[in-house]
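Chain by chain, the residues:
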Amino acid sequence: MQSLLPLIPFLPLLGFLINGIFGRKYFSKTTVGLVGSAPLLVSFLLSLAAFNQVATSGPISFSLYQFLAVDSLQVPFGFLIDQLSVWMMLIVTGVGFLIHVYSIGYMHDDDGMWRFFAYLNLFIFSMLLLVMGDNFLMLFFGWEGVGLCSYLLIGFWYTNVEFGKAARKAFIMNRIGDLGLLLGIFLIYKTFGSIQYAQVFGQLGTLEIGAGVVTTICLLLFVGAIGKSAQIPLYTWLPDAMAGPTPVSALIHAATMVTAGIYLIARCNGLYSLSPDALHVVAIVGLATSLFAAFIGLRQNDIKKVLAYSTVSQLGLMFLALGMGAYSSAMFHVTTHAFFKALLFLGAGSVIHALGGEQDIRNMGGLRKALPITFWIFLIGTFAISGFPLLSGFFSKDEIFAHVYDHGGASWWALASFGGLLTAVYMCRLLYVTFFGDFRGTEDQKHHLHESPAVMTIPLIILAGLSVVGGLLNLPHFLHIEPASWMAHWFAGNGVTGASVIPMGKIGIDASTEWMLMGIATAVALAVIAVGYVLYSKPANLPVEDAELSGLSKLFANKFYVDEIYVALFVNPTARLSKMLHYYADVWGLDGVVNGVGKGVMELGGYFRRLQNGNIEYYLLGMVAGIMLLLLSVFV
Amino acid sequence: MTLALFLTLAVISVITALLVVLSRNPIHSVLYLILTFFTIAGLYIMLNAQFLAVVHIIVYSGAIMVLFLFVMMLLNLNKDTEPQKSIYWKVGGGLAAGMLLVTLVGAMRGGIELQASATPDSNVGLVENLGKVLFTDFVVPFEIAGILFLAAMVGAVLVGKRDLKL
Amino acid sequence: MLEAVPIEYFVYLCTLLFVIGVFGVLTRRNAIVVLMCIELMLNAVNLLLAAFSTYLSDAQGQILVFFIMVVAAAEAAVGLGILVMIYRNTKSTDISLLDQLRN
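Chains as they are written, first to last, in the working numbering: chain X, 32 to 667; chain R, 663 to 828; chain L, 3 to 105.
Since the hints were derived computationally from the structure, they do not count as laboratory data.
Keep in mind the model is a prediction, meaning the values are calculated, not measured.
Treat each hint with caution, since some may be false.
Unchecked claim - SDA-like mimics (lysine to any residue), calculated; alpha carbons at most 20 Å apart, straight line: (1) L/K93 <-> R/G822; (2) X/K630 <-> X/R640; (3) R/K752 <-> L/S98.
The shape of chain X in the complex, shown without the other chains (with noise of 0.2 Å):
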């Protein structure tokens, strides 16, 4: 079984490989979507079988060389599969499997096609790589191709050059977070002497609590969180990401590379429980995050911008989950979150499918006759991210809440709940203004208005199946089903260290009061849903053309000039600084000096020549000249 355990990460390298030499030419379409898809499935079985056996026997963990060795720093190239590792696997095949397949339907008629999954499996090895390594220079090695692949697989059609800045602009915002999450990796290395994971978590014992170095590596290995899970001050690549293929955005920027964060928070929890000034500063961004994105989310009509503001909120909320010291929480969430939102991403994919390329929902309209079954599955994705009871969202944003309640107190968890509401408010918002009401669009639009393809239904039908489910993974205790909290005992187990992987959290308050908040939570949600079917049925309440905005409209749908403002303070003087630069140190400076140098030789040499002009007088008085020097040097 060990010797196995390589091929999860490998092929789908492998697949790269294969696509990306032969898929251009000797491939058929369908070939190269086999090929990209199949070494997807392989993993997830493969991850089925090693969490059959991490439940059974423990964390497995295996080197395949030493990567690494150079005076005291040892870091082999070594895999640890343990209950938290194994999970985001299985997050990552499956749901990537699931998005697999749906491409081979969406980009179907693309050229590309075989680069497309080509970077597709190159992107699931490097997230492989990332939650299955056993020591930070691992997971730093997926987290920079993750990176990669984000930025190539953004700027995928790359002949746009707008689609190209987009892609630039999601590399280097992750590089500023990367810079942090480094400086965090060398102060652990100096710290504790190692960078593997079992080393590092075995010496926490030997430190106090709040102590100072603690507190910086957390909270550099925060901003790198901030960086790659879009949250403030770095969140704007992901909403300007949508410029990559919709199949992209469910799976990087959805359901597994923004998360991986959130998996580098709950790997280091033991770091992060030592430092509670560092939680609160999470908890803080989380919070702040969540609330500011929805905001922007209630005024966006692209349904690509909603469903990323949407991503940008949900990952606050993760956030906001593991300052409270709810890690296993945020995990649930993050699993419950890679189900829908990759249902309601894949669902826009095929509604811009349907209405070949139209992605303004101002445009769109009544289609839930003309696409019945992404209809009812993003009607489901909708309640299940606004809280609607059973659904798998209703589960983990009440068990995140009840935390926020327990550590923060009522007025923490009142603003988390406004950011529930939130998010109610502008997905519904997007389900009734996309499938209800009359349709807005072209009659050319209308005539070619269809379903889409099996191969895209029924991954959907999958999803959506798993995001109504997903609740039972983690049902809490004070419902008195079983099996109680089966995730928070899943990650509880022994790790590698002999102590638990995610230690059980207990909540301090008592049932009562925490169906009253489940209570409070529901009646919420469905008011919303029910007042915004009743508001947005009157077509005057749809959403008006650009110029016609006014007020905290008008800011909300300029995403607080944010971009705007980050422009003009860091992108135009950067550029002038280049241009300065480059114009006194390149042009003036060196290429001076040096085109200076050519030019001078050729001076002298111009002046030289003109002593061989041919005139004889000359010659001659140079000849008596000469005789002269030398006289002079020898007798005087």
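On the provided structure of chain X, position chains R and L as indicated by the hints.
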């Protein structure tokens, strides 16, 4: 008396040399040069270099200068066709020559210890003595000089040919 | 007889004649006159050599004068031959026209 003779000859030679350089008509230059050679021959006789004096007159005044005159007549040069340099050149040349003079004189005065023997032997310039030294110590250069003349003759004839068919 | 004339006088005289020759070479444009000035320079040297030979009672100086005369004669002959050739080509004896070897 010797000194007066020397000074006279010296002054004449310098004046005629200057006239060689400064006169416009090239024929005049040639004639002045012949005069200069004669004065130098006189100075040779003063030094009791008899053989040299005679050879000097025969070779230089009698052959070389005649050759120059022949060429001048052949080319029909006179004052009108004489090209002149600009004044800058003349001044510059004069300056260069003057500086060379100063340098040489300075070198002579400063660097060289001139030792003249108390009684210079006046018999050195006699034909008999000169011949003895020439044909014993310097016989090889003497023969080579003959070959040199042969080469010069062949060369001069070749250079002067109108067409190059040998 | 020659005790009255110090050797330095001969040195100065010959230097002066030499420098006049240099002046002529630099100043004149007629090729023949330039050749004549070269002869003048050679003669100045000859005179000095002969003077030293007498004053130092050494015959080698006068032998060297002899050889210098040999060379001077040969050189004058060949030089004039070349000059005639140039005159045939450029119809002039102006040395400033002989600048074909420039650049």
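Given pair status - R/G822, L/K93, alpha carbons within 20 Å: Since the Cα atoms of L/K93 and R/G822 sit roughly 15 Å apart, the hinted pair holds (cutoff 20 Å).
Is it true that the CA of R/K752 sits at most 20 Å from the CA of L/S98? holds (14 Å)
Distance restraint between X/K630 and X/R640, which requires alpha-carbon spacing of 20 Å or less: holds (15 Å)
In this structure, none of the earlier numbered hints is contradicted; all agree with it.
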